[in-house]
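Student: 203 is the number that the working numbering gives to position 203 of the sequence shown; each next residue is one higher, with no gaps.
You may find that some hints are simply not true.
With a Cα cut of at most 20 Å, we get these calculated EDC-like pairs of lysine to aspartate or glutamate [to be verified]:
#1 K162 - D136
#2 K182 - D218
#3 K31 - D73
#4 K18 - D124
#5 K182 - E211
#6 K95 - D136
#7 K190 - E211
#8 K18 - E104
#9 K95 - E115
#10 K31 - D204
#11 K112 - D27
#12 K112 - D73
#13 K162 - D92
#14 K190 - D202
#15 K190 - D204
#16 K182 - E194
#17 K18 - E211
#18 K31 - E104
#19 K31 - E111
#20 K112 - D50
#21 K31 - D202
#22 K112 - D34
#23 K190 - D38
#24 K162 - D132
#25 K18 - D204
#26 K18 - D202
#27 K95 - D73
#28 K112 - D38
#29 K162 - D93
#30 K18 - D149
For each label pair, taking beta carbons as the anchor points, the in silico distance ranges come out as [to be verified]:
#31 G61 - I176: 31 to 41 Å
#32 P116 - F189: 41 to 51 Å
#33 A15 - R110: 26 to 36 Å
It should be emphasised that the hints constitute simulated quantities derived from the structure, not laboratory data.
In this text, a Cβ means the ideal position worked out from N, Cα and C, and glycines have one as well.
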Amino acid sequence: MTGPAATFGFRDVDASDKPGLVRGVFDRVAKRYDLMNDLMSGGVHRLWKDAVAARLNPQPGETIIDVAGGTGDMARRFSRMARRVQQRRGGDDAKVFVVDYNAEMIAAGREKGSEPEMAWAVGDAQRLPLPDGSADAYVISFGIRNVTDIAAALREARRVLKPGGRFLCLEFSRPITEPLQKAYDAYSFKLIPEIGARVGGDRDAYQYLVESIRRFPDQRTFAGMIAQAGFARVDYTNFTGGVAALHTGRVI
Numbered sequence: 001m002t003g004p005a006a007t008f009g010f011r012d013v014d015a016s017d018k019p020g021l022v023r024g025v026f027d028r029v030a031k032r033y034d035l036m037n038d039l040m041s042g043g044v045h046r047l048w049k050d051a052v053a054a055r056l057n058p059q060p061g062e063t064i065i066d067v068a069g070g071t072g073d074m075a076r077r078f079s080r081m082a083r084r085v086q087q088r089r090g091g092d093d094a095k096v097f098v099v100d101y102n103a104e105m106i107a108a109g110r111e112k113g114s115e116p117e118m119a120w121a122v123g124d125a126q127r128l129p130l131p132d133g134s135a136d137a138y139v140i141s142f143g144i145r146n147v148t149d150i151a152a153a154l155r156e157a158r159r160v161l162k163p164g165g166r167f168l169c170l171e172f173s174r175p176i177t178e179p180l181q182k183a184y185d186a187y188s189f190k191l192i193p194e195i196g197a198r199v200g201g202d203r204d205a206y207q208y209l210v211e212s213i214r215r216f217p218d219q220r221t222f223a224g225m226i227a228q229a230g231f232a233r234v235d236y237t238n239f240t241g242g243v244a245a246l247h248t249g250r251v252i
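All chains, please: the whole structure from these sequences, using the hints.
Tutor: Okay, here's the thing in structure tokens:
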């Protein structure tokens with residue numbers, strides 16, 4: 001290792017190598033990404049995402065950035081919710097920008113269909129193609145643990161948000177009880193890679209995704225990182241006993 005280190009599953013790699021390694025994983029699983037989340041969460045991720053969308057409460061005229069949003073499942077939720085409000089009380093169209101580092105993920109998302117409010121772009125969470133203070137909300141779901149420099153991505157989220165802007169991050173996290181942690185470990189390490197091999201034809205990609213969850217900071221540590229990036233009113237809500245968590249913050 002010749003430069004700064006970054007995590008790639010249970011391995012430490014050169015930070016300069018991680019983007020290519022992660023891109024390779026998602027190139028291979030892009031067409032099965034939603035299935036992958038079903039396998040990793042037992043399908044419960046759909047309920048978690050509904051809860052995140054409800055917390056965001058998209059409004060007409062808002063600009064919402066959906067980072068690492070390749071398949072567009074969150075962006076579609078946001079678009080439809082904002083449109084329903086618009087139909088009741090008027091207002092301008094919302095704008096929902098899907099930004100993902102992986103072109104294959106963007107392509108898979110577009111194949112699934114779009115909404116009038118949505119636009120798509122290949123972009124890096126650490127260097128978003130957006131001006132300062134341009135967004136009302138920034139959402140990243142199951143993506144931030146794959147970023148090379150998480151602190152840089154958080155600062156970038158802070159940069160693109162307007163005063164009053166909302167930050168929401170949904171990510172796999174730490175179960176809050178030991179029995180749940182043991183059961184989750186058994187499911188993750190024994191079953192998910194095997195299912196990935198049989199259903200997705202790629203054991204290594206699913207093994208990485210399981211390992212990447214274990215290397216991600218726990219709820220309190222990550223909340224501290226969000227506050228360090230300049231966000232106020234930082235909080236988190238555990239889902240399914242901490243298997244996942246929604247972290248939130250505000251720009252003031």
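Student: Run the distance test for K182 versus D218: straight-line Cα separation, threshold 20 Å.
Tutor: 16 Å, holds
Student: Measure nothing beyond the straight line between the CA atoms of K162 and D136; if it is 20 Å or shorter, mark the hint as holding.
Tutor: Holds, because 6 Å separates the two Cα atoms, which is no more than 20 Å.
Student: Is the straight-line distance between the alpha-carbon of K182 and that of E211 20 Å or less?
Tutor: Holds - the C-alpha atoms of E211 and K182 are around 15 Å apart, at most 20 Å.
Student: Starting from K18, check that the Cα of D124 is at most 20 Å away, please.
Tutor: 13 Å, holds
Student: For K162 and D93, compute the direct alpha-carbon distance and say whether it is at most 20 Å.
Tutor: The hint holds at about 18 Å.
Student: Are the Cα atoms of K18 and D202 separated by 20 Å or less?
Tutor: 19 Å, holds
Student: Should the hint that P116 and F189 are 41 to 51 Å apart at their CB atoms be regarded as holding?
Tutor: 43 Å, holds
Student: Hint says 31 to 41 Å; check whether the CB-CB distance for G61 and I176 agrees.
Tutor: Holds, at about 38 Å.
Student: Taking 20 Å as the top limit, are the C-alpha atoms of K31 and D204 close enough?
Tutor: Holds, at roughly 16 Å.
Student: Compare the distance between the alpha carbons of K190 and D204 with 20 Å, and conclude whether the hinted pair is satisfied.
Tutor: Holds, at about 13 Å.
Student: Within 20 Å, alpha carbon to alpha carbon, are K112 and D34?
Tutor: It holds: about 11 Å lies between the C-alpha atoms, which stays within 20 Å.
Student: Okay, A15 versus R110 on CB: inside 26 to 36 Å?
Tutor: Between A15 and R110, where Cβ atoms are some 30 Å apart, the hint holds.
Checked against the numbered hints given earlier, this structure breaks none of them.
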